[in-house]
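Undergrad: Chain B: place on chain A using the hints.
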Amino acid sequence: MMAYIFNYMKEVDATAIIISTARARRRHRDTRRHSLEQIEGDGSPRVILLEGDELIIGRGNDAQVRLTSKSVSRHHAILRVRGTDCTLYDNNSNNGVFLNGVKVHSAVLRDGDAILVGDNEFIYGEG
Amino acid sequence: MAAFVKFWGTRGSIPTPSSWTRVYGGNTSCVEVRFDDALFVCDAGSGIRELGKDLLTRKPVPKELHFLITHAHWDHIQGFPFFAPLYVPGMKIRVYGRHAGDDSPYRLLSGQMTSNYFPVSLRDVDSRVVPDYLHEGKRDIQGVRVSAFALNHPGGCFGYCLSKDGKKVVYATDNELEIQAGDVFPDQTDSGPLRKMPQELIELARDADLLIADAQYDDEGYVARRAWGHSSCFSATDLAIQAKVKHLVLFHHDPEDTDRGLDQKVLDCQHRATRHGAPMVVSAAREGVELKL
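Taken in order, these protein sequences are the chains called A and B.
Sequential numbering from 1 applies to the first sequence in our numbering.
Sequential numbering from 1001 applies to the second sequence in our numbering.
Treat each hint with caution, since some may be false.
Unchecked claim - Derived EDC-like pairs (lysine to aspartate or glutamate); straight-line CA-CA distance at most 16 angstroms: (1) B:Lys1053 - B:Glu1032; (2) B:Lys1138 - B:Asp1102; (3) B:Lys1059 - B:Asp1036; (4) A:Lys103 - B:Asp1209; (5) A:Lys103 - B:Glu1290; (6) B:Lys1244 - B:Asp1209.
Since the hints were derived computationally from the structure, they do not count as laboratory data.
Just chain A, same shape as in the assembly (with noise of 0.2 angstroms):
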């Protein structure tokens, strides 16, 4: 198409208006895939791809990202995904949960965040 267009231009005015058929492919942020690349403890190394819009972890047997240690609560941390952003809450925990070494109750995540969950480390990715 872009060949196209250019011996077109060379074949008539160069100054005519030329309409093109190019538009943007983006891969918009609400399209992509929440991940966690899991570092330290359990489990680990693996990494995690978000599915749906809730993603529980804990040591509980229904969380979807499970760990037996005992620093963790059953249902420690939970991430939901809403629009473009991800957001990781403390979920009442033991413990509490790390953003970047500062222990916080929620958090709209940025691509290599750090999250500690007792002694389990995971990288947030997004995707």
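TA: Only chain B this time, still in chain A's reference frame:
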């Protein structure tokens, strides 16, 4: 008792939407502080727009909001006309002056909603926005002790201390510590001794669970913008160390501060605190982060 602090706008001077501000955020000053059901909004910079949208999704939607405005500069009031709860019937917004009859913060917010600046007047909104007052800089509001204190900033500025049941938050942005301390900014080396800080401010911040402090510059940036009314992050760190604060949050990021630069600022200030033996957490205010005290 549960106390929460959430950051909705962290940037100073002007909104800075950019690929390099995506982590810490580009919206100007707005911090939500909650003690149980008492909800305080510290400043109304552009970050307040997202706070407003969020408030209307909560169950139940809060019906009474307490506004503590530090001063009139644009980056602290510019978001107010876009605060969605303004247009919700039944919502009551109290805007506090520092003493009885001081309706200057209310007039600031209403003054930017005249036709020259914005198409909707504060008289025409559906909520009730009313001036209210601290008493000689202090007041108990829904069981929360609120006190205001003067800061060093061109045109004047006030910080706020909020406390309840032993939990204490200090919001002290737009403040030039170096000049407030008596213009004794001698060393620009991280290995130097603790800098002299204003004793009154040390006492105000004493043992705070959270100190949200102006840290717009590093030392090099501060020297280039002396008397602009903002502090070096290292001076903010020294204030927090001397006040034995538990968690220092660097706030009012410079529009030129990149996410990478702020990551480094945090590391440098944390290193300084550690070197002085202070068991203190240091972080940089980041949009969308909520802390529980």
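Undergrad: So, against the hints stated earlier in the document, which numbers end up violated here?
TA: Going through the list in order, the structure violates no hint and respects every one.
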